[in-house]
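Chains as they are written, first to last, in our numbering: chain A, 1 to 123; chain B, 1 to 174.
Just so you know, the hints here were simulated from the structure itself, not pulled from any lab data.
One should not assume that every hint holds.
To be verified - Below, a list of computed lysine to any residue pairs in the SDA-like style, where the Cα atoms sit at most 20 Å apart:
#1 B:Lys97 with A:Pro7
#2 A:Lys6 with B:Thr69
#3 B:Lys97 with B:Val155
Stated by the list, open to error - Simulated DEER-style distance windows between Cβ atoms:
#4 A:Val21 with B:Glu21: 48 to 58 Å
#5 A:His59 with B:Arg50: 36 to 46 Å
#6 A:Trp4 with B:Pro161: 12 to 22 Å
#7 A:His83 with B:Lys2: 33 to 43 Å
#8 B:Leu123 with A:His83: 14 to 24 Å
#9 B:Leu124 with A:Arg88: 14 to 24 Å
We put the CB at the ideal spot given by N, CA and C, even for glycine.
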Amino acid sequence: MRSWIKPADIALTVILLLAAVALTVFTAGKKPGAKAVVSVEGRTVQVLDLETPGRYSVHGPLGDTSIEVGDGGVRIVSSPCPHKLCVRMGVARMRGQVLLCVPNRVAVRIEGGTGKGVDGVAG
Amino acid sequence: MKRISRIALYTALGATVAGVERFVPTPLPWIRLGLANGIALIVLYSIGWREAMLVNILRAFVVGLLLGTWASPALALSLGGAVVAVAVMAGTMKLGKSLVTPIGVSAVGAFVHMLTQFALAALLIVHHPGVFAFAGPSLITAVASGVLVGSLAEVAIRRLPPALRNGVETAGAT
């Protein structure tokens, strides 16, 4: 009878796991971010300074997604999506972190750089 | 069993599995056990890659219809993952021949499925590679679940009744 598992399977699994772990380590929260770039349907609509607390609202296909900056991070407070997964994502602070509301096409991306420059960019 | 009945049966199975696994709480939107790919894997091993591809694509559409995601990019992610997963699993099966079992094939399929979803998300939704920050842990989960699903599929493949296997068409050829 065929055996349950073979060396090639184990090799494949290990290679894949190593790749995944490598990616995890490589992308692990590096430096704290300085600004949050909010985009709707791919277009940047706002650039928020993470040092300046405040509440903002962006408009997507489903409605308004509410974003809050505070404590050096940003989080999605409310969104018109059915599952509120974006809200459950919590706070993003590190560069490269992204908060996403897929149904409302909203993305909030943490970036570094000189954050104190612009408070908001429209269009 | 007639071909169309088999495809319908497996599609229904896949859709059921996909629907159920959506209730599993996950920290991120797209982490799914990928059990539905296990169904495609069973079809792949017992019938053929064309049927497996068809079942997976149909399954993605059916689940999308049931959950109302046809108008959202989630369908694109689901379809992309489904198509690429089967294609890579079929390729792995053919290339590996007797060196691989469904477990390895499933692990590869799950990994590629997850990776494809992230790639599509970066391309279609976020338009930025930053989303890959979540990819690492998701891929680890994907490989683990792939191995699990592969084991389950292996059991199913061995115990499959002949009527569900490839080959003999009953009366009423298509």
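Hint by hint, where does the structure go against what was stated? Just the numbers, ascending. The structure breaks hints 2, 4; every other hint is satisfied.
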